[in-house]
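Using the sequences and the hints, build the whole thing.
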Amino acid sequence: MKKFKATVLAAVLAAGMMSTLGCAEETEAVTEAVTEAAEGSTESQVASKEEMAPVEDIVTDDMVPVYADSIKDGVYSIKVDSSSSMFSIEECELTVADGKMTAVMTMGGTGYLYLYMGTGEEAVAATEEDYIPFVENEEGAHTFEVPVEALDMGVDCAAFSKKKEKWYDRTLVFRADSLPQDAFAEGTITALADLGLEDGSYQIEVSLEGGSGRATVESPAALTVADGAATATIIWSSNSYDYMIVNDEKLEPVTMEEHSTFEIPVTGFDWKMPVVADTIAMSTPHEIEYTLCFDSATIEKAE
405 MKKFKATVLA AVLAAGMMST LGCAEETEAV TEAVTEAAEG STESQVASKE EMAPVEDIVT
465 DDMVPVYADS IKDGVYSIKV DSSSSMFSIE ECELTVADGK MTAVMTMGGT GYLYLYMGTG
525 EEAVAATEED YIPFVENEEG AHTFEVPVEA LDMGVDCAAF SKKKEKWYDR TLVFRADSLP
585 QDAFAEGTIT ALADLGLEDG SYQIEVSLEG GSGRATVESP AALTVADGAA TATIIWSSNS
645 YDYMIVNDEK LEPVTMEEHS TFEIPVTGFD WKMPVVADTI AMSTPHEIEY TLCFDSATIE
705 KAE
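All letters in the sequence shown, in the order written, are residues 405 to 707 by my numbering.
Derived by calculation from the structure, the hints in this document are not laboratory data.
Quick caveat: nothing in here was measured; it's all calculated off a predicted structure.
Even for Gly, the Cβ is constructed at its ideal location relative to N, Cα and C.
Keep in mind that the hints are not guaranteed to be accurate.
As the list claims (entries may be wrong) - Simulated pairs of lysine to aspartate or glutamate, DMTMM-like, Cα-Cα distance not exceeding 25 Å: (1) K566 <-> E542; (2) K567 <-> E526; (3) K567 <-> E494.
As the list claims (entries may be wrong) - Pairwise CB distance ranges (calculated): (4) T531 <-> D502: 37 to 45 Å; (5) E653 <-> K567: 32 to 40 Å; (6) N643 <-> P551: 30 to 38 Å; (7) T523 <-> N643: 19 to 27 Å; (8) E533 <-> V479: 39 to 47 Å; (9) E525 <-> S687: 41 to 49 Å; (10) N643 <-> E533: 52 to 60 Å; (11) A597 <-> G513: 42 to 50 Å; (12) S492 <-> S616: 40 to 48 Å; (13) T659 <-> I692: 15 to 23 Å; (14) S687 <-> A597: 22 to 30 Å; (15) E704 <-> E543: 50 to 58 Å; (16) D674 <-> A630: 34 to 42 Å; (17) E691 <-> K504: 29 to 37 Å.
This is the structure in structure tokens:
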């Protein structure tokens, strides 16, 4: 960055000298050189696609941004997805206060000096006062405190590499489904009490996200309402799941003959309810994080 500024300054001074001497043609040539130097330096300060590790698409079309007014004031542990494996976030603490959100991200390495909440090109055009420097914590890890406009939304973040002296474009997603249910403001999640359902048997559309994307669950799912609680029957597309974890409770399958089938509590409707399912399809059992979304608008009485 300093080299670029020095180069442009020298060119500007040269242009001024030429202008003073009345050399119009030389002045025009130097002006063009300044422009080319600025453009070339901007490009050289932002890593190209060829210079970056493979980029993962972490933003999906069905994402609905969750803003600060949907979260209760407080401090929460939150998961953050990164578009690059080279930008590893080990843990993150989200603070919600006075209608705003900020996050302190603890990095998996010490290779970045600054962050800029925007693109690399925007970072080059900004001033150093706009950059977010790292803070070293007690364990020696680098942390960055950044503003968070919304959860479940792709956020541009440029990271300045200490070694390469270039800005690397990243995309971050702060995941609302990693927050506890009681973190959400009243009315954000549809509760069973809001639906006014009588005890009985129903069916409801359910969607699954997470994992490799190959697994599915049967929809609509059977829904049972009794004594102020809702229970859904989840039928997986394979018989490879030997237990699920829902709301910190480990649940055994009803059957694993043709499909792994579970009866799970529905803690809320119209939100991405986090669950864990353990698969035995791999060489060793492996817990996989998923979300299930039960669409309250599709509830119908079972025939």
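Fill in: Structure versus earlier hints - violations, ascending order
Result: hints 4, 5, 6, 7, 8, 12, 14 and 16 break, sorted rising.
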